[in-house]
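Enquirer: Given chain U, work out where chain L should sit, using these hints.
First to last, the sequence lines map onto chains U and L. With the first letter of the first sequence counted as 1, position 321 gets the number 319 in our numbering; the numbers rise by one all the way through. With the first letter of the second sequence counted as 1, position 232 gets the number 230 in our numbering; the numbers rise by one all the way through.
Fair warning: there could be bad hints in the mix.
Repeated chains share a single entry, so a pair holds when one copy, or any two copies, can fit it.
Derived PhoX-like pairs: lysine-lysine, alpha-carbon spacing no greater than 25 Å straight-line [stated by the list, open to error]:
#1 K499 with K336
#2 K39 with K19
#3 K467 with K349
#4 K533 with K185
#5 K479 with K522
Just so you know, these hints were derived from the structure itself, not from any lab.
2 protein chains.
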Amino acid sequence: MLGTMMNFPLTLAPILERAGKLFSKVEVVSRLPGLGLGRCKYGDIYRRARQLAHALQLAGLKPGDRVATLMWNHAQHVEAYFGIPVAGGILHTLNLRLHANELAYIVTHARDRYLIVDDVLLPVYESIRSQVDFERVLVVPHGHVSVPNNCENYEDFLAGAIGDFIYPDLDENQAATMCFTSGTTGKPKGVLYSHRALVLHSLNECAADSFCLSQNDVALPGSSMFHANAWGIPFTATMVGAKMVLPGPHLDPESLLDLIEGESVTFAAGVPTLWLGVLAALENHPGRWNISWTVRIGAGGSAVPESLLRGLDRFGFHITHLWGMTETAPLASTGFVKSTLAQCGEDHQYKIRGKQGIPSPFVELRVMGPSGEAPWDGVSYGELEVRGPWVAASYFESPETCDRWTDDGWFKTGDIATIDSEGYLKIVDRSKDLIKSGGEWISSVDIENALMAHPAVREAAVIGVPHPKWQERPLAIMVRKEGMEVQADELRALLAAQFAKWQMPDAFLFTNELPHTSVGKLLKLELRQQYANWKWDQ
Amino acid sequence: MLGTMMNFPLTLAPILERAGKLFSKVEVVSRLPGLGLGRCKYGDIYRRARQLAHALQLAGLKPGDRVATLMWNHAQHVEAYFGIPVAGGILHTLNLRLHANELAYIVTHARDRYLIVDDVLLPVYESIRSQVDFERVLVVPHGHVSVPNNCENYEDFLAGAIGDFIYPDLDENQAATMCFTSGTTGKPKGVLYSHRALVLHSLNECAADSFCLSQNDVALPGSSMFHANAWGIPFTATMVGAKMVLPGPHLDPESLLDLIEGESVTFAAGVPTLWLGVLAALENHPGRWNISWTVRIGAGGSAVPESLLRGLDRFGFHITHLWGMTETAPLASTGFVKSTLAQCGEDHQYKIRGKQGIPSPFVELRVMGPSGEAPWDGVSYGELEVRGPWVAASYFESPETCDRWTDDGWFKTGDIATIDSEGYLKIVDRSKDLIKSGGEWISSVDIENALMAHPAVREAAVIGVPHPKWQERPLAIMVRKEGMEVQADELRALLAAQFAKWQMPDAFLFTNELPHTSVGKLLKLELRQQYANWKWDQ
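Bound-form chain U, shown alone (with noise of 0.2 Å):
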């Protein structure tokens, strides 16, 4: 028997009238790319991304088209985040830092029709140029650069939208925005989030165990805008009506407390990278940054070490410890210590919030070990499996990839975990061979397979190495064929023309035989134990 309720989809449009109606005063702050400081207010987004809304539709905007960005995080971005969708458009959010080609093959793959473009990344654009068929490329002005032939300019194509939008009916298990993962070995992956699990995210993301944002919140989103919506917070804080603070291209720390101290920041989220640097800027600059109150930080995309954890507490700078991953949209865990742990003392909370933390509400999680599920013993480990209403179950237009799900329905993660007996997730290491560099992936498999497409390269072997800066840097170390020469140099060359410069490796060495197991596999971990240590030039 079904229950008499209403049926009402939960979709991105009535978060943006909530915000048009009800906290329309409340301020969006955006770091231009100048440095200067950008001023509008929710009403200002309400009114301007229905006006997108309106301006695509009169486009032709079909529904589920694609409309690509490639934006920092501002004020902009997020009248791109909810007017493409509220039109019936899916927001494509590019990763301005990919290679050239890689960024071609998700566009294409992609099919994105229009580009909403910071002018300050036109010379992104125009890297993609030649390999890409965009219907049309929207500018947005930020006073830098001049609008190039064949482009528009963003806010005259705003300016065309007069009169009023209505919202299309909108189904909430479509598309509402798309990103690409690269991680992984092979092409990269969309994940297409449904409004759904858009809308059950950010419901997550306000509870009191989670990122708990309210309207009495100032939030600043320090994951960029490209990488999983943000991590929701956009569309989260517009939810609920917290100022939100965006801080444009610049995630240097002094920038970041700057911004934090000025517009008074009660929660901020990113990679553990960005608050190894805010700690280290603080250390250094005793007294230069007056924040009397808590700040709340949601870190994740890698581990968070204690030290860290226990540095910023000295500031008051309260870490909790996320995990997640674009396929899980992404928060999936929070590492808070539970009441009834609380009575444990210090340095036993360090070590629970040192974990990845216990799974959201309907979000699930298991250890697959060789012989089945890994019993909660915080010992026993297997690759991670997760499943849940914000999870993806496949990528988009990516049949060969279906063995990432298993028969019954879980992602495989990748990752490998323990759980412990209190439910708290620890991951231990990666089943697939990725590297996390500042947060940003990179696939050691492609670098790997790159190098040993040289002639003189017998094999290659990539790991990611601990560094003090980007958390991880990818070390090259290789085998070289009998009798034959070759030396950094070249290899960097090589790969130069297929790979970003962040996803270089910073060393490439030479030894006379690999670790390998004793199906032939390379045994990475063993490589990783030995190279633990390795001091990088700085």
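Expert: Relative to chain U, chain L alone:
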């Protein structure tokens, strides 16, 4: 184009699983009928709720079968809250305060198949026994009454289920719980809450701007578990792993304050009548309770007087004013002060907190005046209409009530309201003739009709008049037929056969003429003004 996210239904099963897996050591405390405290943990609730589900399946429960409860607020009722719905059944909470005839009507109309009843509430069951037809009656033993013939011991019933329970497939739109509202004219009407509606309602209750319920809380649901699922708190507290403190039948101020002090309650919810009593007790017994922490209070069901807000603030009890109805699951708006109003003076803030708040995310409110939607100006009034994912779209098998919904799908609340320019709702009157006494609805029209059934009564008006303890109590004002005589006692006896004691008018007055509108309708507003300062016999 659809998103690529998992189809993960929003049901109560993952909530129960989460509590069992992550919060098994967190306490659930119950005030027993005999005033002692019962203690168990979510691990017990988890085990026993699944045992109940399994036992119901073994007993032949079919999907959608109604299982009624006649129970106070305690742990076994929480078991039923989960065990019945996760087995595919529908929990039907019976309002034990109703008149036997009304209760019997409800049981029959709902076609309840089983009943779970507290031993101390067997007299209520006995009063309807001859009119209803339960297949099985399970008596929860609290040690007060032996199990009568034709009834079974609930514990024996549970013990019959050994082995592991397997969740049936549950559709998120399936009904999970059922609650009748007898507020308005006509027969009581049932609302069937879907799993989805309850889940979304609970996600909202975790939100920072709502109840902000977290695993750090100790939550006391002070509204009855037979009133709109105790405002959803048993579901929400279980979802987040908050310690729960259930007051049983003991809602007197001293018992509540003893529990708040003794169990370190941080959040409690209930009707203003409760908190008026608590305030009086705190004022009359200075120093008796040592409650040094802030207790967050959710109060709604009738208007919260400003004097109550101010009074409890002095004792560190911070009330958030709520609005909702049985038809809205119930939480639809919360009365927090917006960040953009934080600078206004104290008096202004109390005025804001005295309103019914701003709508929760995804709940939409509008006020319909004579010429369409009234502007948000705080002055224009009309009937309040509501829609959202946890708002009823119809009543259970009651097609004659379809006029309670507009053609465009909004629920007509029967409340007369204004919305101000900041979006704050204020209930100013009721379009239906309802009296709210201590959180319970009394239908004035039903009593008027009963009074006018007396041969000597020409016309009767029953209005709610302010009452220091119950907020409102019914006052009957009548015009006798010319030359005929009748006195209060006779009318009181007449009503006693049809109404519960608390529904009866506390005073019976006679007058020569009642005020009417030009079309001959009773002008209740004028009567309410005339008797606003009525002094009740205490």
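Enquirer: Evaluate each hint against the coordinates.
Expert: Here is what the structure says about each hint:
no. : hint           : in the structure
1   : K499 with K336 : neither (42 Å within a copy, 46 Å between copies)
2   : K39 with K19   : within (12 Å within a copy, 43 Å between copies)
3   : K467 with K349 : within (22 Å within a copy, 52 Å between copies)
4   : K533 with K185 : neither (32 Å within a copy, 80 Å between copies)
5   : K479 with K522 : within (20 Å within a copy, 98 Å between copies)
Consistency with the previously given hints fails for numbers 1, 4, ordered from lowest to highest.
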